[in-house]
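> Listed below, chain by chain, are the residues.
There are 2 protein chains.
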Amino acid sequence: MPDALITRTPSAYEYPLLIKNLLFCPVVDTPDQEIVYRDHRFSYRDLRQRVARLANALTDLGVKRGDTVAVMDWDSNRYLECFFAVPMIGAVLHTINVRLSPEQILYTIDHAEDDVLLVNSEFLPILEQIRGRMDTVKSFVLLNDEPTVPESHIPFSGEYEALLAAASDQFNFADFDENTRATTFYTTGTTGMPKGVYFSHRQLVLHTLGVLAVLGSSVSHGGFNRQDVYMPITPMFHVHAWGLPYVATMLGVKQVYPGRYLPDHLLELIDREKVTFSHCVPTILHMLLKHPHAGRMDLSGWKVIIGGAAMSRALCLDALQRGIDLFTGYGMSETCPILTISHLTPEMLELSPEEQAVIRCKTGRSLPLVDLKIVDSARQEQPRDGKSTGEIVVRAPWLTQGYLKDHKASERLWEGGYLHTGDVAVRDEQGYVKITDRTKDVLKVSGEWVSSLELEDIIAHHPGVAEVAVIGQPDEKWGERPLALVVAKPDNPVTEKELTHLVREYADKGVVTKQVVLLKVKLVEAIDKTSVGKVNKVALREKYL
Amino acid sequence: MPDALITRTPSAYEYPLLIKNLLFCPVVDTPDQEIVYRDHRFSYRDLRQRVARLANALTDLGVKRGDTVAVMDWDSNRYLECFFAVPMIGAVLHTINVRLSPEQILYTIDHAEDDVLLVNSEFLPILEQIRGRMDTVKSFVLLNDEPTVPESHIPFSGEYEALLAAASDQFNFADFDENTRATTFYTTGTTGMPKGVYFSHRQLVLHTLGVLAVLGSSVSHGGFNRQDVYMPITPMFHVHAWGLPYVATMLGVKQVYPGRYLPDHLLELIDREKVTFSHCVPTILHMLLKHPHAGRMDLSGWKVIIGGAAMSRALCLDALQRGIDLFTGYGMSETCPILTISHLTPEMLELSPEEQAVIRCKTGRSLPLVDLKIVDSARQEQPRDGKSTGEIVVRAPWLTQGYLKDHKASERLWEGGYLHTGDVAVRDEQGYVKITDRTKDVLKVSGEWVSSLELEDIIAHHPGVAEVAVIGQPDEKWGERPLALVVAKPDNPVTEKELTHLVREYADKGVVTKQVVLLKVKLVEAIDKTSVGKVNKVALREKYL
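Line by line, the protein sequences are chains W and S.
When we follow this note's numbering, the leftmost residue of the first sequence carries the number 2, and every step to the right adds one.
When we follow this note's numbering, the leftmost residue of the second sequence carries the number 2, and every step to the right adds one.
Keep in mind that the hints were calculated from the coordinates and are not lab data.
Just so you know, not all the hints are guaranteed correct.
[To be verified] For each label pair, taking beta carbons as the anchor points, the in silico distance ranges come out as:
1) R46(W) - N493(S): 45 to 53 angstroms
2) E499(S) - S301(W): 57 to 65 angstroms
3) V376(W) - S353(S): 54 to 62 angstroms
[Claimed, not checked] DSBU-like, lysine-lysine: derived pairs with alpha carbons at most 35 angstroms apart:
4) K388(W) - K530(W)
5) K65(S) - K374(W)
6) K65(W) - K374(S)
[Unchecked claim] Short, incomplete list of chain S residues facing chain W, as computed with Cβ under 7 angstroms:
7) Y14
8) P27
9) L210
10) L213
11) R227
12) L252
13) P369
14) L370
15) G432
All C-beta atoms, glycine included, are put in the ideal place defined by N, C-alpha and C.
Using the sequences and the hints given, assemble the complete structure.
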């Protein structure tokens, strides 16, 4: 077992914050409420029974407190059951990022010292490829959505549904120390091997309560309330789908799990199951809104948290015009993840869509209990003036205590007692935080800081631009020059000249610093992304510099 | 200092749940929002500065971590400032029940070992009477609402506003162990001397989050949301005004503190300040609704949690007819206090007012993280059938760990690892709990259990009844006979015969057990209450049996 697990048993009067309490002592107990996956409709009553069955099945496979159970699956009710059953028996749930390369997947399985692996039949080719080199995995469980069991050389202990059917639906989930590790997963860094982060029962319970405090108390927009229907569109393997499945379960709302993210399937589910609350990255939302079926659908009233990358105002306006209530959330793998939400005040909701979009695209205000600071290089807090930039550093009850088995990187992450996000931001008088850059992505042009995000936002506004990423090109004279890599829209192609002209206009108006006129534009076929859909600037630099 | 305080300093990555976080990291940061008391309007910015000033003033008076600071005041912004400043410097806030007798007040001050006492000038006569016999109090601070400083022999260290004005508005509130005691106060038992209960920072933070999770996520009724205006009408000295001032502060809403509970003043404040969220005992609501001014006011949309005593359906219907959105909460001094809230489901909100009143008068469903069980005398959980009665026992993250310096009573309270409420209840299939009696108040009539609450509810329905309390009269033949003590309405006096006839009708219909026909009715002038307005059955037994 990597790193030390705390396993002290709490004394009689203590009430540890355990994941089982989210399931057994929810905000509203709704035993008949639905959980939908493919053709299956489970009730919350089923969920509790299946969690107990899974706990028994895993125990029968020899899983003990402190062991690690890994899962390779798309979003499903099974995954939700693992979200509960694995930590509830005191084991650690490793949610494997199935979009990593087979070598990286192997690295994370070995690094996390996984004991049991639950794997969707779709990933058998990957598994066959790496199984011979796994160091720690003792048992395999098959997750199968197909009518027949696929052929395989893997010595499966059984198929998930068969194991559950054979197990008792009674399990006595004991109390243990709330600081016991519950989950681990790997950040999809753009350099080097993935780094493991980890969260305790206490942290996941407090994240759930903190998110609920801010989403729940918002009535006029962006609320997550008891009457909502929930469907995640950020994967369950990535930061527990932002922790929202725990929030949804605690609220007792209907939940819809979409499997893979195929646009027509997602739209069909939204329509058929009357989904009202989701979260996704801008790329996915863009893909959904551009889909031919979306035009025929009424998406008004759909509440969507956007995160993982900056949302462009154009996308925001497009969504607002369709009546979608979207707003930004901010966080990262290291932060469980949610730190801020860009809810609008009642006064702001009276503003024009254009003005609202400016606020909705900000990363928002910090969640309760989140001590978020924007500090300069001397660690001094910057004024809340909407102008003074600095790095976001944070303390909160739900931050990873470090990187798994990487003491040095952990020390850097927590330097000075605050977690360093590496994001550069400003905060205005009302507390709204706006990311201006990653510390790594700020350009130094002719001695002045130039924000690549700001440039990207200006360029994205052009009607002929489909996608844009700005990187810094080393330059002898100017230090760095901004290089915009642009994917033009096929039906309305933009020229490089139009874009340099557009940027110059903004500089002339004083909206951005003069140095931006040094911009170079390059039209490209596509922009490289990481496995979770973020622009991969490291890959872009390698390719174009 | 009574009992042991845990004072371990948390390590770098730990994030202790401290009361300062409710103030500094709220759900919404609203520095310009108002806090109203008398002619004063403070902002949240003022609140933070005044909390820092108070922390400095107390520190200057010699208050150290682990000391106890006691307050005798009506509901005011000062009290709110004490709710934060005292625990935030690591001291314990003792909220003195000013309705106790001077001898009982002296007992609690000595028992809690108070070091400093903040006292409203109104209570100087009580203080003069007991000061010579106080064992531990070293300093006194005067709280004064009058234009002049009253004459007094008490050696005051200063007047509250003067001390604050002289103190710095900067204070570095350090982190410490979240299990540090934050508050203590005394239950107003109807027998013997008051018993002290106590709560830690962690417990108060979790109570705030738990209450917010259930109130915040309710949109269609009974929500406590960011647009509300809050005014407590259960005193701040009694279970931290049910913890709602902490919830209100964390939500960043406007707060109104009413001082003493004078009906015309309360109604004026509701009207003038546009109060939308309150909590009170049935007696107060009854008093407000019967007040001549209430008839002229539009109270629709006012959300009110009723607790502390059973609400009659008649009162509930009266309130519903005026558009008041009221519902029951349940808890006790030992439980911080809130354990359940009787929110209705969307389907229930479609029911007639009469049908809704039945549900709204139940004590409701348990809060998140509250593990509430109804058990029989063999500690077996009773089925959720709406019929099987048993005692409510509970585990939750916010229960007193015992009674202060009373090991024996603490052991009884926590027998078997659950806190024993002494309340008898049933729970239905949807999880709604309905108190049927106090364990002490169930009558054994001719070998059958008879619920005094049920009888009280039937009798209270009679239009000629102003108030009723049922006690058990020892009887040689029947064991006990129910004795109803009834205050008749002056304009519509009821006779004893009418009431025995009414109860017989219910028995004939099979609604209640046959044994109720043994009821005796006695018309009385008034019904004795405890200091917090609950029917004092012990006093009634002494008087009438």
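> List, from low to high, the hint numbers that the structure doesn't satisfy.
Those not satisfied: there are none.
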